[in-house]
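Trainee: Protein sequences appear in the order of chains Z and X. Sequential numbering of the first sequence, starting at 1004, is according to the numbering used here. Sequential numbering of the second sequence, starting at 146, is according to the numbering used here.
No wet-lab data here; the hints were simulated from the structure. Worth double-checking, as some hints may not be accurate.
Derived, one-sided and incomplete: chain Z residues facing chain X with beta-carbon distance under 8 Å [said to hold, decoys possible]:
| id | residue |
| --- | --- |
| 1 | L1057 |
| 2 | G1061 |
| 3 | W1115 |
| 4 | I1117 |
| 5 | Q1344 |
| 6 | I1346 |
| 7 | P1349 |
| 8 | I1352 |
| 9 | E1354 |
| 10 | I1365 |
This one's a predicted model, so the numbers in the text were calculated from it and none came from an experiment. Using N, Cα and C, we set each Cβ at its ideal position, and we do this for glycine too.
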Amino acid sequence: MSDHKPVLNKGGTLSAEASHEPGKWNWRSYRIELDSSKKGSAWWIPIVSVLLALVVCGIFIAANGMNPFPVYKKMFTGAFGTSYGLTETLVKTIPLLLCGLGVAIAYRISVWNIGAEGQFAAGAMAATAVTIYFPNMPGILVIPAMIVFSIAAGGIWGLLTAIPRTYFQVNELVTSLMLNYVALLAMDYFVFGPWKDPKGMNFPGTPMFTDAQSLPVLGDTRLHLGLLFGLIAIVLYGFFIKYTRWGYELRLIGANSEAAKNAGIRISRHILLVMLISGGLAGLAGMAEVSGVTHRLMYGISPGYGYTAIIVAWLAKLHPIGLVVSSFLFGGLIVGGYSVQTIGLPSSISEMLQGAILFFLIAGGTVSKFRLRRIR
Amino acid sequence: MEIVYQMLLAAISSGTPLLFATLGGILIERSGIIQLGAEGLMLMGAVTACLTFLQTGSLPITLLAVCGISILLGAVHAFLSVTLRANQIVCGLAMTLFGAGLSAYLGKPISGLPVPGAVPKLDMPWLEAVPFAGRIFAHLDVLTWFSFLLVIGLHLFIHRTSWGLHLRAMGDNPATADVMGIRVQAFRYGYIVVGSILIGLAGADLLLVYSPTWTEGMISGRGWIAVALIIFARWNPIRALLCAYFFGALDMLGFRIQLIGSEIPSYFLKMIPYIVTILVLMFLGWRNRNKPSGSPESLGTPYVREQRF
């Protein structure tokens, strides 16, 4: 072949593969490579991830002998189609938003807090403790006291993860997860034991809260004031991360912890504070759930909000507005999961979808950094 | 004497699932890949074992099915962490969450059904003549014996063979291993898949031997305890055996105290393994504050030729 000549490339290297005819597609003349100069990931990744997860889980649903399309339609209309479904979705959005924001702050500095579930339970228990031990507190003080105690309890639960991490170099993933089980067992102890409603006919739950102990709701719906807590927290997060020195330091640690350390930032102090806030937000979510939705502490109060929050944070890429959108989406997914139970499917479809979405998000996060390069 | 004997047997039976999962994790992490998806893999192993055993009633087919599912999930983990070089921590989290959801979905129809005596015991009455130790080993099941062999096999493999040397090399310094002519990417794929099989078997063992009924989320944190055990065991199979039995004993301890009829509510007794995990990790962190932890040096960093991270 006469055109099989080596050609000098732009970079000065010789390439023997330069002989392909121009314009004719040949897979040998392309190479997939990682472009490390690309930072972040493309905007379309979350959307494509959700769609691909729907496809994968559709295969599992089909393997079970069901047509996935009506199932998904049922989930969608159940979550967003009716005004009841929509308010239920918003009700589920509240704990996801608060917990998701909590873990997002920790993930900013690569502290892998997966303990939101336990911090949520700690907050719910603390809020309930106020109603149990101070039943005659003046009405105007009750809600603020519940808020303060729940944030403190969640924050302390978060610190139990942060202290081993900073002073004993213990992997925070293991600690925070172990503490989830401890908190949930403690909650079981209270609702089955000392706090059980004596008039509840053995139902594992505390007595119902009074009106003064419940968060105000919007009209006749179940939508409660907790949504406002979530939105305020999001605005504060956006502001602090972007415009304050503290936020700048967090971003610096997240980008390059070694550089941050050399710049004189005390990383361990940041980890402690961030875990305090992260746990506090999840604790607040627990308070909002018992005071705004269930009006009592009861067995199985969280359908895994703390774990869903992890995916909420990743889908949002830790961005404040993204957090609002993705927690709304996952709130809908939980409600949609409940609605398929009416056609005889387990609600764990929504958990399966959540896991699949996270898989595709991770894959997408790096896939978008690869590029197809033509070798000339 | 009788109590010690009972405790040891209990520690072995509840520690064997932990042992399988820890050994699988050691194999994966020695090759330089962080393995945090053990919880999800164990759940999938357990639900697969329950489904296939109830369908077929045959142990070999059940174990093959568990291997098949674990290979698939392991390949996904390998593709994400080796080929795509994704964040391995989040990868493991995704595996945990996906495994939890999928196993709950698949296991819904069989939830609560009993799985009768699936794993045959190797009865060796002549062993009882050996004082003390003989009685423990005389009536163990097949999977437990397999775990003993695995510990010895893996120890010899990692520390006494050239393949084991290559495994340690690619975990400590993949670039050097590559220069030596070891195909780092391919071997990492292989070790992730083999390790995932062991972790899947851990779930199967828990379901078939230890608590023979599928319930949603039945692993209840054992996958994460196995992650902690890898650290306690300093990535060494022999130590893994001791650590797994120690935690197996702790797991049973609460149950035993309850049987004696103590006043402590069972919820607090069930917290023991979780709290001890944290305390032991803290103790190790304090004791090893100025020493290397024994972890593979390149744990968690993806490797690709000609690329610096």
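Trainee: So which hints don't hold here, by number, going up?
Mentor: Hints 1, 2, 5 and 6 are the ones this structure does not satisfy, whereas the remaining hints hold.
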